[in-house]
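There are 2 protein chains.
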Amino acid sequence: MSATKPILALNRYEPGAVNAFAPALAERLAKRQATFGAASVLFYEQPIEMVRGQGVHLYDASGRRYLDMYNNVPSVGHCHPEVVSAIAAQAAALNVHTRYLNRMVEGYAERLLGKFPAPLGNLVMTCTGSESNDLAMRIAIAVTGKRGFIVTRSAYHGNTAAVTAISPSSFSAAPVAPHVRLIPAPDEAAAPDGDVGASFAAHVRAAIDSLNEAGIGFAGLVVDSIFSSDGIFADPPGFLKKTLAVVHEAGGLFIADEVQPGFGRTGGGLWGFSRHGIVPDIVTMGKPMGNGYPMGGVVTRPDYLAQFCQETGYFNTFGGNPVAAAAGNAVLDVLEGEGLVENAAQVGGLLCRELLGLQREFSRIGGVRGAGLFIGLDFNDPETGAPDTPMASHVINAMKQSGILIGAAGLYGHTLKIRPPLCFTAGHASFFLETLRRILSEGA
Amino acid sequence: MSATKPILALNRYEPGAVNAFAPALAERLAKRQATFGAASVLFYEQPIEMVRGQGVHLYDASGRRYLDMYNNVPSVGHCHPEVVSAIAAQAAALNVHTRYLNRMVEGYAERLLGKFPAPLGNLVMTCTGSESNDLAMRIAIAVTGKRGFIVTRSAYHGNTAAVTAISPSSFSAAPVAPHVRLIPAPDEAAAPDGDVGASFAAHVRAAIDSLNEAGIGFAGLVVDSIFSSDGIFADPPGFLKKTLAVVHEAGGLFIADEVQPGFGRTGGGLWGFSRHGIVPDIVTMGKPMGNGYPMGGVVTRPDYLAQFCQETGYFNTFGGNPVAAAAGNAVLDVLEGEGLVENAAQVGGLLCRELLGLQREFSRIGGVRGAGLFIGLDFNDPETGAPDTPMASHVINAMKQSGILIGAAGLYGHTLKIRPPLCFTAGHASFFLETLRRILSEGA
Chain G
1 MSATKPILAL NRYEPGAVNA FAPALAERLA KRQATFGAAS VLFYEQPIEM VRGQGVHLYD
61 ASGRRYLDMY NNVPSVGHCH PEVVSAIAAQ AAALNVHTRY LNRMVEGYAE RLLGKFPAPL
121 GNLVMTCTGS ESNDLAMRIA IAVTGKRGFI VTRSAYHGNT AAVTAISPSS FSAAPVAPHV
181 RLIPAPDEAA APDGDVGASF AAHVRAAIDS LNEAGIGFAG LVVDSIFSSD GIFADPPGFL
241 KKTLAVVHEA GGLFIADEVQ PGFGRTGGGL WGFSRHGIVP DIVTMGKPMG NGYPMGGVVT
301 RPDYLAQFCQ ETGYFNTFGG NPVAAAAGNA VLDVLEGEGL VENAAQVGGL LCRELLGLQR
361 EFSRIGGVRG AGLFIGLDFN DPETGAPDTP MASHVINAMK QSGILIGAAG LYGHTLKIRP
421 PLCFTAGHAS FFLETLRRIL SEGA
Chain V
1 MSATKPILAL NRYEPGAVNA FAPALAERLA KRQATFGAAS VLFYEQPIEM VRGQGVHLYD
61 ASGRRYLDMY NNVPSVGHCH PEVVSAIAAQ AAALNVHTRY LNRMVEGYAE RLLGKFPAPL
121 GNLVMTCTGS ESNDLAMRIA IAVTGKRGFI VTRSAYHGNT AAVTAISPSS FSAAPVAPHV
181 RLIPAPDEAA APDGDVGASF AAHVRAAIDS LNEAGIGFAG LVVDSIFSSD GIFADPPGFL
241 KKTLAVVHEA GGLFIADEVQ PGFGRTGGGL WGFSRHGIVP DIVTMGKPMG NGYPMGGVVT
301 RPDYLAQFCQ ETGYFNTFGG NPVAAAAGNA VLDVLEGEGL VENAAQVGGL LCRELLGLQR
361 EFSRIGGVRG AGLFIGLDFN DPETGAPDTP MASHVINAMK QSGILIGAAG LYGHTLKIRP
421 PLCFTAGHAS FFLETLRRIL SEGA
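Heads up: the protein sequence lines correspond to chains G and V, in order.
Okay, so the first sequence: first residue is 1 according to the numbering used here, each after it adds one.
Okay, so the second sequence: first residue is 1 according to the numbering used here, each after it adds one.
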């Protein structure tokens with residue numbers, strides 16, 4: 001089984017490239033390369049130095065403003081004053097682990113758990129989505145007694161050893177591990193009879209059979225319900241129901257990775273899985289949870305957590321500290337106070353309709369899919385239908401020239417990933433649409 | 001191979017215990033148990049509700065002050081104003097990932113790398129010590145092509161799937177994984193001829209042989225150079241030199257876990273490994289790095305990081321964000337500005353001498369060991385020499401009654417773990433010594 005090349009091979013700075021950078025920038029880049037080494041990745045052939053963020057905007061060192069349609073971590077807006085002051089106040093008062101009682105932490109845990117359906121009654125606080133998915137995998141192994149996991153072909157679930165094994169979009173030379181099965185993303189357009197629910201469930205069923213035949217057994221399916229790294233596949237709502245039934249019938253757990261769709265992005269409630277009318281066995285959270293404060297979480301059934309804890313203790317030093325809880329509380333306050341879930345649904349819906357209109361005008365747009373403020377736009381060769389990765393790359397760079405930050409996703413990197421902070425307005429959408437129309441009109 | 005029971009079985013709240021808690025506290029505890037579930041651990045039979053921290057002190061909900069001799073994360077002092085204001089200022093300005101250039105982040109990376117000997121030239125920023133050790137293990141596997149790791153018998157290196165496998169102090173029912181070998185802690189008192197350097201190196205050599213014979217091979221030795229969870233073994237400085245030679249001769253990597261000893265705690269420079277005059281192949285950092293802001297790091301040789309990156313991409317969303325860098329910078333500023341490494345050496349030295357004096361008075365004190373402000377004090381049966389775990393537990397609870405927070409470590413949990421913030425003064429040491437003398441005089 002071959003793995004995909006990382007999307008980031010496009011639109012990134014190539015160390016040692018012969019670009020004619022200004023000496024000051026060239027020196028910065030050399031220093032950065034010397035300290036961060038081979039793990040350094042910088043967006044764009046000519047990287048941007050960022051100095052300030054506010055709402056949907058980032059500002060570079062020259063004062064230039066960029067409309068941020070890429071960064072999903074500062075979900076309620078860059079440097080939101082309510083979140084910043086909550087962090088500052090709590091950091092000045094107390095920052096300690098969870099082995100003492102603390103009202104801020106307990107209040108947040110209760111409030112957050114109140115957003116989940118029964119029987120998802122326990123919360124473990126971590127520091128990152130990676131730690132959350134790592135723990136979720138261990139819980140699934142403890143509960144099922146099996147080791148096999150199923151993920152989609154270009155999935156990304158995080159960066160620990162265990163989670164990298166289920167993150168094929170991170171593989172470059174590494175082969176797929178024996179306990180992992182990759183299945184195609186749930187692409188409605190490619191599904192037989194257009195029944196993506198049945199076809200996705202059938203792929204999961206086949207992968208379970210394969211794990212069982214190999215004597216590995218099936219522990220869990222890990223999916224983010226918007227299939228972010230695969231190219232964003234959201235519709236129709238409810239298509240994951242059949243898959244949930246298949247997973248449970250086989251004795252496995254359904255792990256909903258809400259690191260990307262969670263906290264309102266899809267516009268259909270706080271969680272991506274809500275749109276599908278399903279109750280997962282484990283839910284993992286990360287990125288937008290603290291609007292940039294490093295925090296994550298795992299929500300699961302108390303009996304599952306208890307089964308896991310019989311074998312191994314779990315403690316997370318920074319996880320659930322009162323500053324994280326204050327940040328998380330402020331994020332929920334802002335989401336509710338500013339109606340950002342509704343905004344994601346409304347502005348995202350508008351944007352999606354406009355993009356579908358643009359698709360009728362420009363034959364290079366091969367598809368538009370999404371939910372709320374998470375939209376994928378494919379570029380394809382109008383004649384052959386082949387993924388047009390260079391066009392996506394061209395648009396990303398042209399957008400940068402026009403003051404818009406945006407990235408790509410999908411197996412071929414030909415899908416524009418539209419994922420702005422949730423305070424994105426109709427005005428911002430207009431600016432983006434005008435810019436996209438102009439770039440497409442000018443051609444590649 | 002049997003694993004140890006977690007130390008925390010002592011001096012923790014037992015859910016459902018028939019203690020006569022006040023109704024308000026009982027309700028809090030029930031709620032906390034309902035949300036955190038089986039993963040909930042609270043210190044002390046009657047847990048403390050914390051509301052405020054300042055310097056070396058924590059304050060509970062009733063306003064009671066505790067001298068903190070347990071918490072090693074707020075290393076420059078709870079809620080240090082310089083760190084708090086650095087976090088607040090940067091969080092208000094910009095908080096974003098490392099794929100854009102940013103002076104705060106690059107400046108911190110260069111400054112931190114300047115504290116390491118050649119050839120340790122690259123830094124990967126993570127969010128936790130667990131993520132750091134997880135990544136270090138993967139780098140070691142990539143560089144050596146082998147999978148086996150060696151750790152001490154009661155080690156704790158973190159909470160991911162991979163790192164838990166090398167953290168025997170977390171095991172309860174779980175067996176030791178086939179690719180892991182446990183060796184005894186380097187206890188000078190138990191070493192033949194008192195040559196702990198030779199005996200520890202011999203144990204490592206035997207474990208390497210065992211991994212090779214099993215066809216697993218040797219990837220790395222992971223040790224924290226103060227052996228925190230094993231009961232604190234610091235002396236003589238330099239005893240790890242022989243072990244480093246053995247590790248390198250076998251083609252493995254020496255991974256120095258500086259999550260506990262790092263950032264000045266041992267008083268002999270910034271790093272625990274400095275005291276031993278060795279240069280590790282990989283250094284991992286966490287806990288005190290941001291004085292409570294969730295951050296960690298891995299420092300290694302550029303060629304090792306490059307080898308790792310050939311196989312797999314590594315990106316950490318929150319790792320190396322500008323707020324973390326600001327916190328990390330402020331921690332280095334305070335360490336330098338307030339002379340805290342020197343303070344750790346001086347006050348720690350004083351405290352250690354006084355405790356050795358107390359040992360001559362009280363036969364229940366079986367040993368005193370440490371470096372800087374990381375000291376272990378054993379309780380043993382004066383007649384049989386057997387570890388006296390109940391006595392350690394009694395002292396921890398009596399200390400709480402006297403307004404001092406302290407914990408235990410070691411295979412038997414009979415070692416008092418003395419690990420205050422580094423702004424601990426001679427006055428604080430006197431209060432602790434007087435309290436300990438009184439508790440010991442009163443008997444258990």
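Keep in mind the hints are simulated off the structure, nothing from the lab.
Heads up, some of the hints might be wrong.
What the hints assert, rightly or not - Derived DSS-like pairs (lysine-lysine); straight-line CA-CA distance at most 27 Å:
1. V:146 <-> V:241
2. G:31 <-> V:115
3. G:115 <-> V:31
As the structure is a prediction and not an experimental result, all values here were calculated from the model.
Each hint, compared with the structure:
no.: 1; hint: V:146 <-> V:241; result: 23 Å, holds
no.: 2; hint: G:31 <-> V:115; result: 16 Å, holds
no.: 3; hint: G:115 <-> V:31; result: 16 Å, holds
Consistency with the previously given hints is maintained throughout, with no hint failing.
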